[in-house]
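The task is simple: from the sequences and hints, build the whole structure.
Top line first, the protein sequences correspond to chains U and H. Under our numbering, the first residue of the first sequence carries the number 1, and numbering increases by one thereafter. Under our numbering, the first residue of the second sequence carries the number 350, and numbering increases by one thereafter.
Accuracy of the hints is not assured; some may be wrong.
Stated by the list, open to error - One side of the interface only, derived from the structure: several residues of chain U facing chain H at Cβ under 10 angstroms:
no.	residue
1	Ser36
2	Thr64
3	Ile68
Said to hold, decoys possible - Pairs of lysine-lysine, DSS-like flavour, derived with a Cα cap of 25 angstroms:
no.	chain 1	residue 1	chain 2	residue 2
4	H	Lys461	U	Lys194
5	U	Lys62	H	Lys584
6	U	Lys194	H	Lys422
7	H	Lys584	U	Lys43
8	H	Lys584	U	Lys51
9	H	Lys461	H	Lys472
10	H	Lys531	U	Lys62
Unchecked claim - Derived coverage of chain H by chain U (criterion: at least 3 residues anywhere in the stretch with Cβ under 8 angstroms from a Cβ of chain U; other residues may be distant):
no.	segment
11	539-550
12	579-588
Please keep in mind that the hints were generated in silico from the structure rather than gathered at the bench. On a predicted model such as this, the values are computed, not experimentally measured, just so you know. A virtual CB, placed ideally from N, CA and C, is assigned to each residue, including glycine.
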Amino acid sequence: MQKLCIQIITTLIKSKYLLLLALLTIALILGTGIGSVYISPIKIFSILLHKVFNISLIDSVKNTDVAIIYHIRLPRVLIAALIGGSLAMSGAAIQSLLRNPLASPYTLGVSSGASLGVAIAISFHLTSPFLSNMFLPVVGFLSSLVTVILILYLARKIDRNYSTNTIILVGIVSSLFINGLLTLVIALSGDELKNIIFWQMGSLSLRGYDHLLGILPFVIIGSLGLLVLHKELDALAFGEESAKNIGVNTQKVKILVILFSATLTGSAIAISGIIGFVGLVSPHIVKRIYGQKHLTLLPISFLFGGIFLILTDLIARTIVSPSELPVGSITALIGAPFFAFIFFYKRGK
Amino acid sequence: MRKLFIALLVLTFVITLSGCKGEIEVTEFTVTDREGTEVVIPTNITKIVSTAPSNTEVIIGLGLGDMLVAVDKYSPTEGLSEDIAIINFREPDIELLISLEPDIVVASGHNKVGDDDPFKLLKEAGIAVVYIPSADSLQGILDDITFIGLVLGKVEEANTITTDLQTEFDEIAAIAATITTKVNVYFEIGDYSGTLYSFGTETFLNEVVTLVGGNNIYSSESGWLNVSVEDIISKNPDVIVTNQSNVEGIVASIMSRTGFDTIDAVINNQVFVVNGNSTSRGSQNIIEGIREVAEALYPNYYDFD
Chain U
1 MQKLCIQIIT TLIKSKYLLL LALLTIALIL GTGIGSVYIS PIKIFSILLH
51 KVFNISLIDS VKNTDVAIIY HIRLPRVLIA ALIGGSLAMS GAAIQSLLRN
101 PLASPYTLGV SSGASLGVAI AISFHLTSPF LSNMFLPVVG FLSSLVTVIL
151 ILYLARKIDR NYSTNTIILV GIVSSLFING LLTLVIALSG DELKNIIFWQ
201 MGSLSLRGYD HLLGILPFVI IGSLGLLVLH KELDALAFGE ESAKNIGVNT
251 QKVKILVILF SATLTGSAIA ISGIIGFVGL VSPHIVKRIY GQKHLTLLPI
301 SFLFGGIFLI LTDLIARTIV SPSELPVGSI TALIGAPFFA FIFFYKRGK
Chain H
350 MRKLFIALLV LTFVITLSGC KGEIEVTEFT VTDREGTEVV IPTNITKIVS
400 TAPSNTEVII GLGLGDMLVA VDKYSPTEGL SEDIAIINFR EPDIELLISL
450 EPDIVVASGH NKVGDDDPFK LLKEAGIAVV YIPSADSLQG ILDDITFIGL
500 VLGKVEEANT ITTDLQTEFD EIAAIAATIT TKVNVYFEIG DYSGTLYSFG
550 TETFLNEVVT LVGGNNIYSS ESGWLNVSVE DIISKNPDVI VTNQSNVEGI
600 VASIMSRTGF DTIDAVINNQ VFVVNGNSTS RGSQNIIEGI REVAEALYPN
650 YYDFD
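Here you go:
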């Protein structure tokens, strides 16, 4: 009996999944505990029990602790997990689909589309009383989706097969064009310039449960959609011809994968602003450790991206406390050396 | 201190003699501007360009509003000539400025992008350009007013303004000294897509808060700084003041921020908005801002009506 238990545990550890779940737990605890004030895991636990099951708080917990844990850090950490996960998972799918290690949903105009939409909304002072603080996220999400659909439409006009090169080229050219428009809007925006720039730098500050609930359905739809297509993605990763030979409708799969990925990335950056690097690098690291099969690659990328963004956001908001750094800059500053380390370490072996 | 400052400036005068039957006539003098650059100033000034709202307000306060031929787009224009030229705050239209033939340009450190001098070409065209960096203290504001008065030939007027201001500062400080329980203040100057800005020491706004008897919760920091939401919550200010008066519904939006409902200032309805212009411009109008902040923090102590 004892032997069996040990066997199960060792397989789990060997399978490297348990490690990642342990890391996620640690990241969640660190992310909620550390900040401008440290709050111990026992207090966090007490606050959670109090909020969920209405169990009375332990004495040492202050009202401000409850506010900080329950209203500020917890939603922020959960949002970081969802956003990091969405960026990484859609990155993995797009890289396989386009068979290009440098591709990401940003290549397909998702980020530039969202930026332009948000910049226009900010500089023309557009608001919606009905959506209130969810207005900018909705604008960002819709404009990123519209951009991707336009790019797909353009690509189809050029090449009915949606060959990967066409998609990448149309994506890049359109992104450049949209960035031109964006610069124009920013240059003419005057006083609102700061708002637009800060939005673009990416931040998870002041994001609450309404944002969390706002993106949750899109994250679920996008990630389930991609998971359902895991076999097709496996086939496509070997090349278009071989995928066709085993009966994959490559055109349909491409459109679906791009739309699901855009849903994931679009909803993520709609909440956080532009956060680079997570979507680009996470899939590479995950592939090196967990292999290429999409049934594992996609969910593990999600977990990895989530952990990565929780930890980088933790650094972004604590390293110069009481100030905060834009998390988008930290993802690249930490991510690039980390990526290099994993890459060379593996190669050295 | 101020007298010494004027004396030093006067010492730097270079008197140019224009030999007209032995009479001594001064047509220009040299001053060291507020950035430390030596500038030759003509004594007969009739056309002035002002490139920042604070300087424009000072110039109007000195009674020279009708000499302004161009101001930046943020400057107040009420009471000024209707055909006054409006220039960009950064990257001003140099050709336009030269065509206006001003005698002097009163520029701000804010006009610069990096270390580039946007008015270099004007200087080369022989037009006097004095720089006034944005003041980081109330004394700095007084010194700026004195300096502008000096270069524009209104020493007396400037002296009246600064003496009056100093008297009012002293009166407020005297009232502040009687306040026994001081409140902790979070003063928000900006909310850019969730990135919140406040300030520490070495800013005149910090002095404003201190002068009226408040404790800035960020007085352990210095300069302008962005602050995290949870840090504000953990510091639990008694009063929240913001000068984002151009943002509609700012008080309601601050009070409804998630987690802010545990802050004493929000619980006790002590969130106030003050005029953004008078609290952010280093001119004599700062006194308006000081009064607003004073009345927001201690309505029982201050009454300026």
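Earlier hints that do not hold, by number: No hint contradicted; all consistent.
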